[in-house]
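Protein chains in written order, with our numbering: chain R, 1 to 566; chain U, 567 to 682.
Derived by calculation from the structure, the hints in this document are not laboratory data. Ideal Cβ placement from N, Cα and C applies to all residues, glycine included. Incorrect hints may appear among the rest.
If you only want the chain U side, here are some residues facing chain R, beta carbon under 10 Å, derived [unchecked claim]:
id	residue
1	Arg611
2	Trp621
3	Tyr623
4	Val654
5	Leu658
Simulated DEER-style distance windows between Cβ atoms [to be verified]:
id	chain 1	residue 1	chain 2	residue 2	range
6	R	Ser369	U	Pro642	50 to 58 Å
7	R	Ala188	U	Thr593	32 to 40 Å
8	R	Ala188	U	Tyr587	41 to 49 Å
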Amino acid sequence: MGPDERGRADLLKGRNRLRLVMIGFAVCFVAIGGRIGQFSLLEANKDTTARPHVEARIPRPNITDRHGQVLASDLPIASLYANPRQIIDVDEAVELLTSTLPGLDAREVRHRLTQDKAFVWLKREITPTQKEEVFQLGIPGLYFRDETRRVYPMGRLAAHVLGFVDVDSHGLAGIEKFLDDRGALYTASLTEPSTDTAMPVELSIDASVEGAVNAELSAAIAHFKAKAGAGVVLNIKTGEVLAAVSLPNYNPNNPKEALLPDRLNRITGATYELGSVIKAVTFAMAFESGVTDLNGKFDARQPLEIGRARIHDYHATHRILTVPEVFIHSSNIGTARMALDVGIEGHQAFLKKMGLFDRLVTELPEAASPQLPKRWGKLTSATAAFGHAFAIEPLQGVSVIGAFLNHGLLVPPTFLKRDAATAKALERRVVSEDTSQKMRYLFRLNVVEGTATKADAPGYRVGGKTGTSEKVVNGHYSSDHNLNSFIGGFPMDDPTYAILIMIDDPQGLPETHGFATAGWNAVPTAGAIIRRIAPLLGVEPQLSDEERAKLEKIAARQAQTSTKGN
Amino acid sequence: MLRALNTLLVIAVLAAGFVIYSLEHRTRGAEQRIAAIKDEMAKERDAMKLLNVEWSYLTRPSRLERIARKDLGLRPINVLQIARPDEVDARLAPRPAENPANSSKDPLAAMLKGLQ
Chain R
1 MGPDERGRAD LLKGRNRLRL VMIGFAVCFV AIGGRIGQFS LLEANKDTTA RPHVEARIPR
61 PNITDRHGQV LASDLPIASL YANPRQIIDV DEAVELLTST LPGLDAREVR HRLTQDKAFV
121 WLKREITPTQ KEEVFQLGIP GLYFRDETRR VYPMGRLAAH VLGFVDVDSH GLAGIEKFLD
181 DRGALYTASL TEPSTDTAMP VELSIDASVE GAVNAELSAA IAHFKAKAGA GVVLNIKTGE
241 VLAAVSLPNY NPNNPKEALL PDRLNRITGA TYELGSVIKA VTFAMAFESG VTDLNGKFDA
301 RQPLEIGRAR IHDYHATHRI LTVPEVFIHS SNIGTARMAL DVGIEGHQAF LKKMGLFDRL
361 VTELPEAASP QLPKRWGKLT SATAAFGHAF AIEPLQGVSV IGAFLNHGLL VPPTFLKRDA
421 ATAKALERRV VSEDTSQKMR YLFRLNVVEG TATKADAPGY RVGGKTGTSE KVVNGHYSSD
481 HNLNSFIGGF PMDDPTYAIL IMIDDPQGLP ETHGFATAGW NAVPTAGAII RRIAPLLGVE
541 PQLSDEERAK LEKIAARQAQ TSTKGN
Chain U
567 MLRALNTLLV IAVLAAGFVI YSLEHRTRGA EQRIAAIKDE MAKERDAMKL LNVEWSYLTR
627 PSRLERIARK DLGLRPINVL QIARPDEVDA RLAPRPAENP ANSSKDPLAA MLKGLQ
């Protein structure tokens with residue numbers, strides 16, 4: 001082998017190595033290129049980014065009324081804290097702070113700022129203007145922490161529906177509690193996690209109707225020196241509660257007030273004997289079971305004796321009454337006879353069908369179970385027929401009576417906005433159209449010439465039934481203390497709205513001739529409310545010529561007295 | 567040949583590098599703008615919340631009723647004040663009949679005459 005030959009072999013060897021390296025590189029590049037292609041083209045849409053799992057804070061939604069008026073909202077609010085080690089001139093800081101924030105105590109602030117700590121609270125929840133002012137002082141070592149605070153801009157309005165929250169924004173009552181507990185899924189459905197915002201919770205409440213009911217009811221309570229009162233306006237076609245007022249109420253911005261014993265929710269959170277209002281249920285039952293109709297007659301000549309008990313009439317007539325007369329004179333005897341004709345089992349079955357034996361479930365956590373007699377005998381059935389020992393939630397009462405007026409269709413009441421289609425799906429027939437028509441006739445008749453004439457709001461075709469029940473004082477029914485109620489509906493040709501007014505322990509006044517029964521206080525209050533809210537709800541008035549003439553006369557007289565006054 | 571190709575590749579690398587750099591720069595700028603806008607939006611949302619709450623506070627029914635009664639002299643509507651469109655004509659006060667003798671003349675002159 002010559003040198004020449006060896007050189008050739010080396011060269012060949014070198015070329016082969018070079019080729020090997022190139023092939024190696026090529027394989028690598030193809031592999032990388034292929035992988036890139038795979039990622040960018042094939043898996044482009046697959047989200048494989050590793051992201052830390054964050055427990056998203058669900059923002060608390062605003063609560064608005066049915067027209068979008070804000071009733072509850074979270075507002076950002078700052079809290080002031082300090083790092084005492086960074087404060088240079090404590091005296092100056094104390095002087096400036098106490099002159100800017102009037103609520104601060106100079107000695108307390110000095111004590112806090114001289115501590116050897118890195119963190120002391122100075123004042124929680126200051127307003128944006130105060131924050132700006134403190135910021136402008138330019139004191140080193142002062143800091144702000146951003147927090148949120150639940151505010152209720154309308155104050156006491158609809159307080160019992162809204163409820164309130166604790167310092168950590170956990171709902172403790174009303175819709176606020178519902179949003180955290182039973183309605184947590186609903187709350188979550190409103191939130192938009194990516195933007196940290198939430199759709200508002202729309203209540204069925206109408207702020208202007210609520211305001212009108214509140215104004216008239218509180219005026220009535222003051223006028224009749226009553227202890228308390230409640231008012232409900234219900235849309236019976238959709239089951240939406242348009243106004244729910246329970247007085248005395250509280251300011252949810254100051255939840256401590258809600259703990260006072262007389263601030264309970266009287267609409268759903270307690271049960272009451274609505275008295276004669278319950279007679280409407282007995283009438284509907286009698287029509288439905290066919291034991292009588294509008295031409296029927298009942299003997300009210302003397303008290304009804306069952307065993308050793310005697311049932312009397314408050315407005316005793318001592319004659320045989322027709323069915324409409326039993327209704328407008330609110331005869332206990334007649335109504336009790338009606339229930340006895342239906343029979344104990346039939347009576348119980350009808351009340352069960354109306355849901356009066358069960359607790360009414362709405363969004364509000366405050367829900368009281370009805371208190372009805374446990375054992376039913378002849379006497380129980382007879383007294384329950386006119387509402388004795390028959391305590392239910394007021395909302396339940398207005399909802400059932402609303403169903404009698406609403407062509408016999410019961411729609412479960414709600415405090416959240418509901419559309420017509422949902423309401424249609426929820427409605428349940430409880431009595432026939434024929435029974436409903438008779439009930440509408442009786443309700444209207446009672447306002448035209450019965451115990452509820454003062455509820456008439458001319459033009460708005462009001463119908464209703466009154467109830468005066470004696471309150472239980474020390475375990476006995478007391479004839480001095482009444483619980484008065486009125487449940488009605490309007491307009492009677494196609495009832496859309498039902499109204500309940502309850503006044504607790506009103507006093508007789510000279511202009512009521514000393515009487516304290518429902519016809520003198522609960523009924524005129526309901527009339528005043530209907531006159532105010534019917535135009536708000538878009539109910540078109542229809543005045544007969546007679547009514548118009550009467551109203552024009554009153555208006556003319558008022559105009560005359562006012563010009564005389566000037 | 568090879569040298570020309572290499573030069574070309576170097577230029578291509580430089581050009582690509584420049585393009586990528588400027589793209590990234592633009593992206594950063596856009597990201598900053600997005601963050602600023604998001605910040606602005608959050609501030610606006612907070613401001614809106616505050617204004618909505620204030621609006622609600624100012625339009626609470628009890629306050630509206632008070633100032634409407636006091637400053638505007640308004641009262642709850644009377645049913646007599648509501649009329650359907652077809653009733654309007656009958657409810658309006660009868661308009662004074664047009665007097666052809668008056669309308670032909672100068673109305674101002676007629677008024678002055680009436681004053682004398």
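Hints, one by one, checked against the model:
no., hint, result
1, Arg611, "holds, 7 Å"
2, Trp621, "holds, 7 Å"
3, Tyr623, "holds, 4 Å"
4, Val654, "violated, 14 Å"
5, Leu658, "violated, 15 Å"
6, R:Ser369 x U:Pro642: 50 to 58 Å, "violated, 39 Å"
7, R:Ala188 x U:Thr593: 32 to 40 Å, "holds, 35 Å"
8, R:Ala188 x U:Tyr587: 41 to 49 Å, "holds, 45 Å"
Checked against the numbered hints given earlier, the structure breaks hints 4, 5 and 6 and satisfies all the rest.
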